Structure formats: C-alpha cells, structure tokens
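Undergrad: Using the sequences plus the hints, can you model the full thing?
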Amino acid sequence: MNRAGNWVGGLLMVLAAPVLALVLSGIIASVLLLATGYSVGDFWSILLTAPSERQVVNILNYGAILYLSGVAAAIGFRMNLFNIGVEGQYRIGAFAGAVFAGSGWLTGPLNTIVAILIAMVSAALWAGIAGFLRVTRGVSEVISTIMLNAIAGYLVGYFLRKLGEQSGNATSTKDVPESSWVGGIDILKGSGQELLGLSLFAVVVGVLYWLVLNKTVFGFNLRATGGSETAAVASGVDVKRMVVVSMLLSGAVAGLIGMPVLFGDAHNYGSSFQTGIGFAGIAVALLGRNNPVGIALGALIFSYLHEQANNLNILAGISPDIVQVTQGVIVLCVVVAYEVARRVRVRIEQASVAAALETRRSERTEVPA
Amino acid sequence: MTTTSPQLRGTVAVRVEGIGKSFPGVIANHDVSFAIERGTIHALVGENGAGKSTLMKILYGVQKPDEGTIEVNGEQVGFSSPSDAIARGIGMVFQHFQLADNLTVLENVVLGAEKLHGIGQAAREEVLRISREYGFDLDPDELVERLGVGQRQRVEILKVLYRGARIIILDEPTAVLVPQEVDALFANLRELKAEGHTLIFISHKLDEVRAIADDITVIRRGTTVASVKPDEVTTRELAELMVGSELPSPSTEESTVTDVVRLELEDVTVRDGAGRELLADIDFTIHAGEVLGIAGVEGNGQTELVATVTGLLRATGGRISLGEEDITDWSTRRRREAGIGVIPEDRHRHGLLLDAPLWENRILGHQSRPPSSRGGWINRGGARTDTQRIVGQYDVRTPSIDTTARALSGGNQQKFIVGREMSGDPVLLIAAHPTRGVDVGAQAAIWDHIRDARREGLAVLLISADLDELIGLSDTIRVLLRGRIVAAFDPQTVTPQELGSAMTGAGEDA
Numbered sequence: 001m002n003r004a005g006n007w008v009g010g011l012l013m014v015l016a017a018p019v020l021a022l023v024l025s026g027i028i029a030s031v032l033l034l035a036t037g038y039s040v041g042d043f044w045s046i047l048l049t050a051p052s053e054r055q056v057v058n059i060l061n062y063g064a065i066l067y068l069s070g071v072a073a074a075i076g077f078r079m080n081l082f083n084i085g086v087e088g089q090y091r092i093g094a095f096a097g098a099v100f101a102g103s104g105w106l107t108g109p110l111n112t113i114v115a116i117l118i119a120m121v122s123a124a125l126w127a128g129i130a131g132f133l134r135v136t137r138g139v140s141e142v143i144s145t146i147m148l149n150a151i152a153g154y155l156v157g158y159f160l161r162k163l164g165e166q167s168g169n170a171t172s173t174k175d176v177p178e179s180s181w182v183g184g185i186d187i188l189k190g191s192g193q194e195l196l197g198l199s200l201f202a203v204v205v206g207v208l209y210w211l212v213l214n215k216t217v218f219g220f221n222l223r224a225t226g227g228s229e230t231a232a233v234a235s236g237v238d239v240k241r242m243v244v245v246s247m248l249l250s251g252a253v254a255g256l257i258g259m260p261v262l263f264g265d266a267h268n269y270g271s272s273f274q275t276g277i278g279f280a281g282i283a284v285a286l287l288g289r290n291n292p293v294g295i296a297l298g299a300l301i302f303s304y305l306h307e308q309a310n311n312l313n314i315l316a317g318i319s320p321d322i323v324q325v326t327q328g329v330i331v332l333c334v335v336v337a338y339e340v341a342r343r344v345r346v347r348i349e350q351a352s353v354a355a356a357l358e359t360r361r362s363e364r365t366e367v368p369a
Numbered sequence: 370m371t372t373t374s375p376q377l378r379g380t381v382a383v384r385v386e387g388i389g390k391s392f393p394g395v396i397a398n399h400d401v402s403f404a405i406e407r408g409t410i411h412a413l414v415g416e417n418g419a420g421k422s423t424l425m426k427i428l429y430g431v432q433k434p435d436e437g438t439i440e441v442n443g444e445q446v447g448f449s450s451p452s453d454a455i456a457r458g459i460g461m462v463f464q465h466f467q468l469a470d471n472l473t474v475l476e477n478v479v480l481g482a483e484k485l486h487g488i489g490q491a492a493r494e495e496v497l498r499i500s501r502e503y504g505f506d507l508d509p510d511e512l513v514e515r516l517g518v519g520q521r522q523r524v525e526i527l528k529v530l531y532r533g534a535r536i537i538i539l540d541e542p543t544a545v546l547v548p549q550e551v552d553a554l555f556a557n558l559r560e561l562k563a564e565g566h567t568l569i570f571i572s573h574k575l576d577e578v579r580a581i582a583d584d585i586t587v588i589r590r591g592t593t594v595a596s597v598k599p600d601e602v603t604t605r606e607l608a609e610l611m612v613g614s615e616l617p618s619p620s621t622e623e624s625t626v627t628d629v630v631r632l633e634l635e636d637v638t639v640r641d642g643a644g645r646e647l648l649a650d651i652d653f654t655i656h657a658g659e660v661l662g663i664a665g666v667e668g669n670g671q672t673e674l675v676a677t678v679t680g681l682l683r684a685t686g687g688r689i690s691l692g693e694e695d696i697t698d699w700s701t702r703r704r705r706e707a708g709i710g711v712i713p714e715d716r717h718r719h720g721l722l723l724d725a726p727l728w729e730n731r732i733l734g735h736q737s738r739p740p741s742s743r744g745g746w747i748n749r750g751g752a753r754t755d756t757q758r759i760v761g762q763y764d765v766r767t768p769s770i771d772t773t774a775r776a777l778s779g780g781n782q783q784k785f786i787v788g789r790e791m792s793g794d795p796v797l798l799i800a801a802h803p804t805r806g807v808d809v810g811a812q813a814a815i816w817d818h819i820r821d822a823r824r825e826g827l828a829v830l831l832i833s834a835d836l837d838e839l840i841g842l843s844d845t846i847r848v849l850l851r852g853r854i855v856a857a858f859d860p861q862t863v864t865p866q867e868l869g870s871a872m873t874g875a876g877e878d879a
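As given, the protein sequences belong to chains A and B, one line each in that order. Taking my numbering, the leading residue of the first sequence gets 1, the next gets one more, and so forth. Taking my numbering, the leading residue of the second sequence gets 370, the next gets one more, and so forth.
What the hints contain is simulated information worked out from the structure, not anything from laboratory work. Be a bit skeptical, because a hint or two may be false.
[Said to hold, decoys possible] With beta-carbon atoms standing in for the labels, derived distance ranges:
id	chain 1	residue 1	chain 2	residue 2	range
1	A	ASN80	B	GLN549	38 to 48 Å
2	A	ILE143	B	ASP510	49 to 59 Å
3	A	THR230	B	ARG515	22 to 32 Å
4	B	ILE488	A	ILE143	29 to 39 Å
5	A	ALA351	B	ALA491	25 to 35 Å
6	A	ASN214	B	ARG645	35 to 45 Å
[Said to hold, decoys possible] Below, computed lysine to any residue pairings styled on SDA-like, alpha-carbon distance capped at 25 Å:
id	chain 1	residue 1	chain 2	residue 2
7	B	LYS562	B	VAL551
8	A	LYS240	B	THR409
9	A	LYS215	B	THR701
10	A	LYS240	B	VAL551
11	B	LYS574	B	THR409
12	A	LYS215	B	GLY750
13	B	LYS562	B	ILE499
14	B	LYS426	A	GLN350
15	A	LYS215	B	ARG753
16	B	LYS426	A	ALA354
17	A	LYS240	B	THR685
18	A	LYS215	B	VAL551
19	A	LYS240	B	LYS574
20	A	LYS240	B	LYS426
No experiment lies behind these values; they were computed from the predicted model shown. Idealized CB from N, CA, C, for every residue including glycine.
TA: Printed below as a string of structure tokens:
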C-alpha cells in the first residue's frame, strides 16, 4: 500500500466525519423548521449571510470564552473524567476574582494578576472537591459536579446579596478600579467593537493544552488513563493522583472563563453575568473531539450560530431557541459521525495489516493456520 | 485426518462439514468437520487460540462461516444471529457469566425471554420445574449476587434450558470451578444427557474431558485433527494430539541458574477488603538466570501473585525484595523503574493502549525512562526509533509503527509486549500465560525469548496453565492452590500427572 495514498485517505477520513455531521444536522434543522412552521429559506439565507464587522468581533470574543470552557471540559474528557461542573467552577472563579479585584486592596495590573490567580485557584479547588470525593469515596464525578453546580449557583447568589452592591434592580460586586482594567484590541477598525484583551488567554491555553497533552509525560499518562485505566495502572500511573490533578487543572482553566468579560467589559460580577457557558463548553469539547484545533473550530461554529440567532429573531421572527436546538443536533450528529468514522478506520487498518501479512505469507512456503 | 467411524447410537444432532473462517490477523478455522450424536456429551479440545471459540461463535450464530455447512438434526442451517441458533434449540453457556447481579434468579432467567412464559407465576413454575428436574437446587427468588460460582453457572444452564435448548454448548465450564463444584457440574451434565440433551463441552483440561465426554474431537491450529473415544486414548496421547509436534521438550540446555538472588518473597500474605486470604504465606526465591514456574488451576491466586509482585495489590503481610532492596511498599512505577518487566495475563486490559499507535505503546510502562522520555518530556524520536528496533528484533508483523495496537493479531501484540518488557535492562521478567491466545509461530518465538532472557541472567517468574510450557521452560516449579504454595517440583523429573494431582489438591492428604 503506498504511503501517499494512505495520507490522502487519512485526510479524507478526518474531514469526512465533521462534514457529514454538519450536512446531516443542516437537514435535521430544516425538517424541524418545516415542522414548526418557520421559513426554511429565511433561516438559511440569514444564517449564511456574512456577519458584519461588529458581529465578527463579537463572534471572536464569545468564541474565545467558549474555547476556554471547551478546553476546561476536554482536560477531564481526555482521561474519561466527565467534569460536568465547568459551569459551577467558572462562576465560583469569576465571583471570587471579581470580589478581590473590586475590593481595591491592590491597584493596577498587579490587582488584575492576583485576581486572576484567585479566580483560577478557587475554581480549581471547587473542581478538586469532586476529584477528592472520587478518589476517596468513589463518588462519580458526573453526579458530584452536577450537584456542585447547583451549590455554586446558590452560594454565589447568597454571597452576592451579602457582599454586593444594589444598583436599581441589579446586584453586583464592587467595580474593578479602572487602573486594573484590561483594554480591548481594535482588530477591525471602525467596527465599533473591540476584541477583549484577555481573550488571548484562549490562544495561550490552547497552546499549553496541546503541549502538555502531546509532549509531556504527564500528558501521556493522562491520555493513557483515558485510553485504558487498567493498562495505565499496570504501567505505573498513579490514577488517583491523576484524577485529582486533572480535576484541579480543569477547574483552573474554568476559572479563566469569566476573566475576559470581567476585566474588559462588565468590570464586576453581577446578577446579569453570563451563565450557561460551562454547559456550552461541554458541547464544544465534544464537537472538537477534545482536540485543541477541533475545539477552536467548535467554539467558532457555536459562537457564529449564537451571534446569528439575534438576526434570525429580528429579521425573520424565528425563535432563537431553534438555534440552540440546531447546536444540540450538531453535537449529536458529530458524536455519531465520529463513531462511524472510527469503526471504518479500524476496519481499514485491520485490512491493511492483513494485506501486509498476506504479502509476506505468500513469500514463505509454510502457511501458518 | 484420522476419524474413527462413529457407531450409531442415535441420530446426528449437529454435523459440521468443511467449515472455514478467516479474518484479519486472527487464527481462523479451516476445514473443520465433525458430527455430534444426539444425547451424548461431545468434547471439543484444543489449546488456547486453537480456534475453539471461533468455531463456537459460528455454531451459535455470532459469526458466519466463510465456507462449509452446518446441519442441525439433519437440516442444513445458516445462522445470522444467536436468536436463529436459539430457535433451532442451540443454547450457549459462556465462560464469563452473563448475569445481572442485582436481579433474582427468576428475573435473570426470564430476562429477554419474557414471551415464553411471561414474568409471573407461570415463569416461576417453569424455573422451579427445570431446577427440580435436573437437581439444580436453585431458589428463584434468591439474588444472583448472593450465589456462588457453581450456582451462577447453574443459573446460566437454566437460562438456556428455559429457552428450550436441546443442544447446549458449554465454553470452558470448569475454568472457574473448584474440584467439588466440577463434580457437581458433571452430575448435572449427566442428568441432562440422560434426559436426551446433547452437550458440547469445550475444554483444554484433558483429565476432565476424559471423565465426562462420550466422544472427543481435537482441534489444532484451526482445524479438526482427530476424533477419538475417551477410553481409547491416554491423557498424554490426547495432549500430543492437541499440541502436535509443538510439545516443548523439557529444556536440555545447561542450567544458567546463579546464586544471585533477584526476587525473594517471604511469608507474603494478601487479604482482600473483606479479610479473605487471597494469598497466604508465599515463600520463594528466584535467582538470576532462573525460571520459576507457577502451576495451578486458574483462579487459585496466580493473578493476585502477579499483582502483588508488580505492586497493583499490596501485601498485607510479609516482605518482597528485589535484589537487596525491600520493595514491599513501593509503587508500581518505582518497581517498574527498578527493572520489573511484565507480560500481563490479559494483554488487552493491562498491556496495551489498543487505540494508540505502536510507538506510543512502547512508552507505556516506560514513561519515566529513556528512550521514551527525557525529564518529563516525551521523546518522540527516541520512542519511535526504539519501537522500530523492537518490531525488527522481535519479528512483530505490522505495516508500520503508526499502526494501532488493536489492528495487530494476538501473537504480534504479544511479541511486541515481550520486546518492550525486555527493553530497559530488566532484572525480573514476569510472564503470565505468555503464549495464551497466540498462534503457534509466535508461541515458539516467545518461548525462545524467555529462554534468551534466562540466559542473559534475568530472573523469570512464569505463570502458565499449560503444563508442558511450564515443564519445558522452568528450572523449578511451585504449585499454587487456594492462594498457597502446596508443592515444589523439579521439572526434569515431574510428570504432568503429578503436577495435575498437586494442582487439584488430590495429593493433599497423602
């Protein structure tokens, strides 16, 4: 079998699954629109209209946040640890960071840096609770993180009322002093919208995620544990330690999710602070198959749909809910398409192994049974 | 092929003619032919990996044969799923029980067969009737989790009877049983035979086969090589039929045993969470250049012994030393770094990342050592080069080192593991069933590698269910029974019969 042919075939395999998934979810979304009585033509023409410059910046901003959330979830997923608690972790982190930054004990960039570290540590510890329960008491992290999400929501709400300031209907933490704000980057002049400065965390986290996972022994152990926990244990990996460490890392990244908006836009944590990003991150990680580039594409697709949902509502009266349904359908289709692709790949590979053996076998006289 | 002409005792229940099955890289069947008479117990014997399970999967409709025919009760059949087989009255009792622990006996039996007698009183009466008729002594309302192994097996048999099976395939039914349970099972089987059922008994335990079977068909390297009557052959003859000329002769090589102690276990005891003894007072020493073989019926502590030496299980008493060092409290990683190589019993669960490429599998177990890594960083180049070396040196048949481990055949996976575990200057090699499920060619190669390891001065702990392998490779043999070492033998003088009786505790009271 020739090598170049293999390579092209491999690339086709890689692309086939996501393309298939997107086409399939497009069809399902159209059927849903028909069934609910909306105009399919309007839906597609608006969805596929090139976004304005302002929208492009919005897509990047929201995409960066989704990316952080996706990586936070993916760290756990890579070792079969289902951290469903990114939602709660980032809210704890964002709140803790906002309280500290708003208190004004420190000023300028130092305040920003320490506040970000506090956000990461508090979110990591919150995630660590689930890791600790898993290794000491065998509690499934799925259940504990879901419950911790609820607890985080109430806890943050309680302390917000207790520590926050009332302004009109809204309650929020004290504003971050202006000296600690992180300015935006005017990437598209005249769009009137700036890229949040801390969105660049997404790039840093993405590179680190790739580097640690693929180039370090720790990353190898993490992937090995995900691939086969029994084989990892037998090879000398301390799986309990890995569970705790990866929960902590996952939580630390979750702690970053709220930072771009906190220091670049909202300047405080209030009752209107964006929620649901943690759950969206799980979908994004699934969509990107926990791969650093894949998660980026997934985050951008979700962010794009999120942005276009407003236009659908304004221009065609299509409920934004239909976009959320479409996002869900995409995730389902991707999961199915990748599994199909995986099975096809395994079969092709086994056939190629057999072919390689067959050639060698025919060179010998003896035929092993 | 030497087929004895079957005396007509009844009509033929199952006739298999020229069955062939090939699939990528796995031992296949070719030209498999035999006939099973109704109302008899027919044993299919063969080594692990000889193709017995493929054949059974074909008979039970899990896999389709590429060629050949199957006749059931004189009618040619083509099964495309187990439900087709069940409809023809063929049932299968798997080696690994397929029971739901948290359901009762009755619930387990009716699960999936609700249409037959419902799930209520009628079903209960049917279960009770079968249990009484064959002396199974099962309470339909007992939870399966409270049952012992022998009772669980009876539930499995009850399940297939409930579904109306007249032809029952039993896949290595005695592998998990202690001797008394084996006797009870055999009593049940004779009862079933008396009622006119046809039983296909798969095993590689020849004494048992001779005790229970009416006819024996021997499978070797994927094909039927002989059909014999149990009273016409000795166990030794049967063994030779099974392994052919591949029977390893006891090592005539000069002893390489030195007086350097590599591994020493002193009064090692392991208890599980409930305080039961898994291993008790294990005492032995392996010197450099010595192969110590552990014989025993499976489930008598072999798995636990390996786990205890590798650090997966902690000894609750006693002391384990590697060379001069007390490693009793060391982690698995530290032990591996100190030079313990392991060929695991279950290579898929403990030896490989099936979906990772071979070169990544080279790193597994060597994460912290060159050439796999350098100070916390994976050394991709080093690992790849060394994988190439293993592939060449150990004759691993693979198109490339980027092929996933899953795609390789069992024998090639095993050769790869042997090569990996022999890397990085090991001082102790633990080989648990090293040739299980591998083809004959790979088997000979692996034996050679173990002999090489011994010659190079490694201490080797060999665990095997294959007595000839143990006798052929070991310098000394210990017998493990119910977690204790009950006998020691010199492989130069011991016979399989002596080993066999020590393994089953037959000579215990003597």
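Undergrad: Compare the structure with each hint and give your call.
TA: Each hint, compared with the structure:
{"no.": "1", "hint": "A:ASN80 - B:GLN549: 38 to 48 Å", "result": "holds, 41 Å"}
{"no.": "2", "hint": "A:ILE143 - B:ASP510: 49 to 59 Å", "result": "violated, 31 Å"}
{"no.": "3", "hint": "A:THR230 - B:ARG515: 22 to 32 Å", "result": "holds, 27 Å"}
{"no.": "4", "hint": "B:ILE488 - A:ILE143: 29 to 39 Å", "result": "holds, 31 Å"}
{"no.": "5", "hint": "A:ALA351 - B:ALA491: 25 to 35 Å", "result": "violated, 50 Å"}
{"no.": "6", "hint": "A:ASN214 - B:ARG645: 35 to 45 Å", "result": "holds, 44 Å"}
{"no.": "7", "hint": "B:LYS562 - B:VAL551", "result": "holds, 16 Å"}
{"no.": "8", "hint": "A:LYS240 - B:THR409", "result": "violated, 53 Å"}
{"no.": "9", "hint": "A:LYS215 - B:THR701", "result": "holds, 23 Å"}
{"no.": "10", "hint": "A:LYS240 - B:VAL551", "result": "violated, 40 Å"}
{"no.": "11", "hint": "B:LYS574 - B:THR409", "result": "holds, 19 Å"}
{"no.": "12", "hint": "A:LYS215 - B:GLY750", "result": "holds, 11 Å"}
{"no.": "13", "hint": "B:LYS562 - B:ILE499", "result": "holds, 14 Å"}
{"no.": "14", "hint": "B:LYS426 - A:GLN350", "result": "holds, 20 Å"}
{"no.": "15", "hint": "A:LYS215 - B:ARG753", "result": "holds, 14 Å"}
{"no.": "16", "hint": "B:LYS426 - A:ALA354", "result": "holds, 21 Å"}
{"no.": "17", "hint": "A:LYS240 - B:THR685", "result": "holds, 21 Å"}
{"no.": "18", "hint": "A:LYS215 - B:VAL551", "result": "violated, 53 Å"}
{"no.": "19", "hint": "A:LYS240 - B:LYS574", "result": "violated, 40 Å"}
{"no.": "20", "hint": "A:LYS240 - B:LYS426", "result": "violated, 39 Å"}
Hint compliance for this structure: hints 2, 5, 8, 10, 18, 19, 20 are not met, and every other hint is.
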